[in-house]
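Sequence lines, in order, name chains B and G. Letter by letter, the first sequence follows residues 1 to 339 in UniProt numbering. Letter by letter, the second sequence follows residues 1 to 1165 in UniProt numbering.
Do not take every clue at face value.
[Said to hold, decoys possible] The calculated BS3-like cross-link candidates involving lysine-lysine, where the alpha carbons are at most 27 Å apart (straight line), are:
id, chain 1, residue 1, chain 2, residue 2
1, B, K332, G, K1077
2, G, K784, B, K334
3, G, K518, G, K459
4, G, K654, G, K589
5, G, K784, G, K642
6, G, K1084, B, K334
7, B, K332, G, K747
8, B, K332, G, K589
9, B, K334, G, K1077
10, B, K334, G, K1081
11, B, K169, B, K151
[As the list claims (entries may be wrong)] Partial pick of chain G residues on the chain B-facing surface, computed with a CB cut under 10 Å:
id, residue
12, S90
13, A93
14, A97
15, C551
16, E594
17, A595
18, S596
19, T597
20, G601
21, F871
22, W1004
23, G1005
24, A1009
25, F1015
26, M1017
Quick caveat, the hints were computed from the structure, so don't treat them as lab data. For glycine and all other residues, C-beta sits at the position ideal for the given N, C-alpha and C.
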Amino acid sequence: MVKQEKASANRPDNTAFTQQRLPAWQPMLSAGIVIPGFVLIGLAFIGIGVALFVTSRGIQVLEIDYTGVEQNSPCFPCTDQNRKNCVCDVNFSIDTLFQGPVFFYYGLSNYFQNYRKYGVSKDDYQLSGDLSYFKAPSSTCSPYEYDKNNKPIVPCGSVANSMFNDTFKLFQIVNGAKKQVSLDGKGIAWWTDYNIKYRNPSVTPLKNAFNGTVKPLFWSKPAYELDLSDPANNGFINQDFLVWMRRAALPNFRKLYRRITDGDYAQGLPAGNYTLEVSYNYPVLSFGGRKKVVFSNVSWMGGKNEFLGIAYLVIGSMCVFMSIVMLIVYAKFKFPEED
Amino acid sequence: VLLLIFYFSTEEERHLRANDRPFNLSYHYANNAIKTSKYNIFTFLPLNLFEQFRRLANAYFLFLFILQLIPQISSLSWFTTAVPLILVLSITAVKDASDDINRHKSDKQVNNQTEKWMNVQVGDIIKLENNQFVTADLLLLSSSEPLNLVYVETAELDGETNLKVKQALTVTGDMGDNIDELAGFTVQGTLTVNGQTYALDNDKVLLRGCTLRNTEWCFGLVIFGGPDTKLMQNSGKTTFKRTSIDHLMNVLVLCIFGFLASMCTVMAISNAIWEVREGSVFTAFLPREPGVDAALSSFLSFWSYVIVLNTVVPISLYVSVEIIRLGNSFYIDWDRKMYYPKNDTPAQARTTTLNEELGQIKYIFSDKTGTLTQNIMTFNRCSINGKGYGELFDFSGQRVEITEVRGEYLDFLWNHLADPKFIFHDHSLVETVRAGNPEAQAFFRLLALCHTVMPEEKKEGELNYQAQSPDEGALVTAARNFGFVFRSRTPETITVVEMGKQVTYELLAVLDFNNVRKRMSVIGERNPEGKLTLYCKGADTIIYERLHPSCNKLMKVTTDHLNEYAGDGLRTLVLAYKDLDEDYMDDWKKRHHEASTAMDGREERLDELYEEIEKDLQLLGATAVEDKLQDGVPQTIEQLAKADIKIWVLTGDKQETAENIGYSCNMLREEMKDVFIVAANTAEGVKEELQNARRKMCPEAPEEASVIKARAGLFWCQKTETVQDEKVDGDYGLVINGHSLAFALEKDLQLELLRTACMCQTVICCRVTPLQKAQVVQLVKRYKQAVTLAIGDGANDVSMIKAAHIGVGISGQEGMQAVLSSDFSFAQFRYLQRLLLVHGRWSYLRMCKFLRYFFYKNFTFTFVHFWYAFFCGFSAQTVYDEWFITLYNLVYTALPVLGMSLFDQDVNDRWSFQYPQLYSPGQLNLYFNKKAFVRCMMHSCYSSLILFFIPWAAMYDTVRDDGKDIADYQSFALLAQTCLLVVVNIQLCLDTHYWTAVNQFFVWGSLAAYFAITFTMYSNGMFLIFTSAFPFIGTARNSLNQPNVWLTIFLTSLLCTLPVVAFRFILIQLWPTINDKMRHKVRKEALPAPAPRRLPTRRISTRRSGYAFSHSQGYGDLVTSRRFLLKKPLKSRLALFTQTDSPLAENQPQHYRTIAEEPEEAQSP
């Protein structure tokens, strides 16, 4: 026995793996699977497509461009660079009830928040409240690292510096009188941004943490005074700041400004005339950008986007069509079984 | 005092003084320690890194890494390139290190062999004893044997197992074993003893690697040690082989570089335009750095995009390719169906980088002896006095195949001198001989007397025959076992034990064999009776002319038998005898003596004398010797022919033998339209014969070969010339001999040769030299652009093994040289079909699938960046998270594709054998070529468009279901990368035909790993620890809980997949490939049972096989010469080898082995 083992010491092992005999499933693109598969997928797609399309249709959206390019537009006067603290009123009307909760967005177009050098121009350590980066911001923030007097800018970088600073007030015209619609600025940013990613240094009062630093050049108020009405909504965890810092993927984007959730307007904006009071600060005309406000409500599938529904419908029907084509090809040309 | 100086081409001269170490050391000759290792502990890191960075791909990634360190350019963090690069470098380094450790080990083993070889220095005198290895290249000084001969076996060097003779100079030889005297000289140039000069030549040098045999001891002076020895000098020159896929890959990678450059140029130009039109006015929010204008920005963006888009040339490609090849090589090593139990030899993939080429072989060049045949001759049948012996019949009179009745062979116990390994099945022959049948006894007596075999009897009764050709050995052994034992010979006598009785024959004359005579006779006088008889054996046609008319009837019967034997592919000889009367013999002897001492016309006069005495012979019968084929050779050749592989046999044997083998292994067939034989002796003659053959096969073919010239390879600087295949009706064969081949390989004729040869089904080149073998291979390589494989077992095959794309060595035999220079080795020729049709085909299929998929996944990955550029101001903003970019090739998609390329099979091995036609796509290079690559790119282009624009459109201006942001960059990146990963995985699933559990695990595991890693990297904890490294915190949670994100992923994946499915489905219906058909068939039918092994149908053959002597001139002269038998007559055998210019120097006697037939199957459970 031992001798025999010795005589075949080099004999390879007889396992399914070494002999390449592993049990396996060998699927094939056979007509029995492909054609019914296409029909089923097609039908499913059409179903999903209809659901999406109907849902999307049900979402109300109101977009108002207030850039003021045209001479007759209400904000045209504010486009003059020299006017400070310009306020303009934009009037609009709603025909039917705008189902609540209504979300109030501002939108920018032709604005390259996704430009690489713009995107990297911030300091994550500083924004997470690390005081040592208050004194010496990261070099990625260049050119908004230090001001002319070589004082560190906090928050540093292009992203923070270019924070959107138009503010809006919404009034419903009720019997000729302006009735302010209360806007909710809480909880418009991601939970993780508000609680984890961005943190203020644990210094009270917050102002002291900013000693020896300057505010971003474009800002009118320092970071710790962004929201005078709510001391908790200041510094790096100011909701508007958080929304701005989550930079957009595409050059046309909209960002959540406020929610209309409470008071008389919790059920939505009733039909009627409205005035939007815009304090116009943010310059976009120089690069051909546009500013707009958007009122929208949402569904289970998010905001209004008709593309998905239409795409599902189109592709679903194409699948069904392809299955017919394949059926014809199969019936007519299926390759001869015999060699 | 002697001084030795050698002149060599490599170094001017070599001075040595025997046993004078200080003197010799002053020249710093290499000592005998051998070093094949490349590194030591300290040099490993720098040397290995240096070597690795010499590879273009690694250097390129190093360059990328450096680019990334420049902040103005860096579009990606340093780790995206550094991590893969370090990983790749360390994998390679580990592999190199383990290789080198193995080399260190084997060096150590060699250097520490018994006598501490490494301590031997040039100039030392060393003593070797019998059966020892020669430690270094030695100058032979003296030996124990007469005439200072030593016998060495050179199996390690050239695979030849017969002994070779070396002879020392007499002047040193006379010093014997007197060390003082031997050491007392120095040797110079030619060797000088006391002022007298003696010439030295190769005959006096023992090369390292030989083994000393039959010599008690010898003394040698070390002249070359270690790395300078011929063995080491020759072994290092193996050229590095690369596969055609490698070459294609290099070309493609270069194209990809070009493509990358053009993409980056487009990006740079677009960036310049953007900077002028948009960027210049957007400066309020995105100020330009001082000094950066549109031109500089565009220049920087070019390099930034080089970094972003570099993934089109994936660093892991080369590593993955190596891993796949290694894995597929292991399968070859592990294959039990290529393991030969008889000598415990598994198949071995010695080169692990050539696997896929095994699936593309178009031409096989095979050696004959030892590869197709076993080089074993068996005495198979005989016809004695009109009665045939050796065949077995069952009860109904049906012929029974001998292999089926194993174990039923005769025992020769009655004959204590019989060779135990001899096997014969027919009992009636023994009975006939033992019954004293005079013809049968005369038959075997003739076989015992008429030959030039040398006996060796070391122990009483243990006979060993040294035969000039194995045929002769087989015949003499047959006689021995049937009771006529050839025992010993002196120049004048032969002693035979006839049925137990010792008889001595006086050898009056040996009428030796040559090519014209084709017969051999001896005239023997039986002592003490004094009966004179001439025994003659030879080719049938020759002997038949010289028979006595009384034999006519017997002749007819014997001819029938001969035809039968020839039909079975056996080699036949006819035996005849003639009783001579004494007076005539005396007269003849006198005349013979005169003739052989005549000054002129000696040959003619001798021939006349021979002619005179060899007539009126009495026919005894015929022998049939089988040149035993290796097992399964005809079947293998048939299979390979079905796979459209052309087999050329290149053999050193003579034409008749080679032709004979051609017939017996089914390469030449009776039903072939014609077998052309080219054997002309002039260039014109060869040309004419080749042209005639070509015109006959294909009359409409143009006279001039049409050579298609093209350019290929890197930078298209490699010119290729291709001769197209020409269609021929019917099968033809071509046999060309070495002499004609020499002319045909000349520049002006080689195209003619190639065209004619390629029209033929079978090509046999006989009497070719090793160099010609290589030339033939190179000719086909050069003009056919086809993949060639050479298979052989001996040193004479080394050149062709090295020349062919793939060299296969037959292992498990004594010679190792062929195996050492081969890329794959196994023990039996028949394993070749498994190597090619199963392993080769799978390897090729897997490699092509891998490459197609790999390029697809990387292009798709990269193109998405390209589309995104149009939306981000060409700012080299990546679409995906940097970590995803780092891990995409290394982690997320590495294992599934490896799984596919290690496990995939279209049909299993048995179906592969059943339909060898499945092999042909590989030969035509169908699965991966430039076209397939372009298709891949277009497919990627489509997928990437879907992968970018569907998420783009789906996310445009949309928000989460709670109204919050989701169209932000980070969510978009996550969406795009998830879509990408799902799509490439589905694509992999579509490509995988063979789903093992491992594949499933890899695919699902990789997807799971992706999500696990993504959620981990985007978790709070990771951000809190490495704040700047993981800025994507929370993205996964916030976006992957949105239904519209999943709906987008679903849509994207199906939109990428469904067209592919539909396209493939329609393609299969309209233009099914052979694979599709086969896979369909496999599904429907059970594998047909292997056809029962049928008895080879007996061919009615008119062609008579060759002559049992495979070599030109016999050595009858030597046998009868007294020259070397002075000292020890018993050792007469050895004398045969001393005369190097004798015929036998050209025809080295082949070591004779008797049949060893053990049932192989019985050993394998």
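Point to revise | Straight-line alpha-carbon gap G/K654 to G/K589, limit 27 Å | key: violated (34 Å)
Review point. Any CB of chain B closer than 10 Å to the CB of G/F1015?
Key: violated (12 Å)
Practice item. Take a quick look at whether G/K1084 and B/K334 sit within 27 Å of each other, Cα to Cα. Key: Answer holds: G/K1084 to B/K334 is near 15 Å, not above 27 Å.
Review point. Given the proposed pairing of B/K332 with G/K1077, does the C-alpha separation stay at or below 27 Å?
Key: holds (17 Å)
Check your understanding: Does G/A97 pass the interface hint, meaning its C-beta sits closer than 10 Å to a C-beta of chain B?
Key -> G/A97 check fails; min Cβ-Cβ to chain B is 26 Å, beyond 10 Å.
Point to revise | Minimum beta-carbon distance criterion (10 Å), G/T597 to chain B | key: violated (59 Å)
Point to revise | Hinted contact G/S90 with chain B - closest CB pair below 10 Å | key: violated (27 Å)
**Study point:** Interface restraint verdict for G/G1005 against chain B (beta-carbon cut-off 10 Å)
**Key:** Check failed: Cβ of G/G1005 comes no nearer than 17 Å to chain B, outside 10 Å.
Exercise for review: Would you mind confirming whether the straight-line C-alpha gap from G/K784 to G/K642 stays at or under 27 Å?
Suggested key: holds (20 Å)
Exercise for review: Would you check whether G/G601 satisfies its interface hint, that is, whether its CB is within less than 10 Å of any CB in chain B?
Suggested key: Hint violated; G/G601 Cβ to chain B Cβ min 62 Å, cut 10 Å.
**Study point:** 27 Å Cα cutoff - pair B/K332, G/K747
**Key:** This hinted pair is violated, its Cα atoms lying about 55 Å apart.
Check your understanding: Against chain B, is G/C551 within 10 Å by beta-carbon distance?
Key -> violated (52 Å)
Consistency note: the structure conflicts with the earlier hints numbered 2, 3, 4, 7, 8, 11, 12, 13, 14, 15, 16, 17, 18, 19, 20, 22, 23, 24, 25 and 26.
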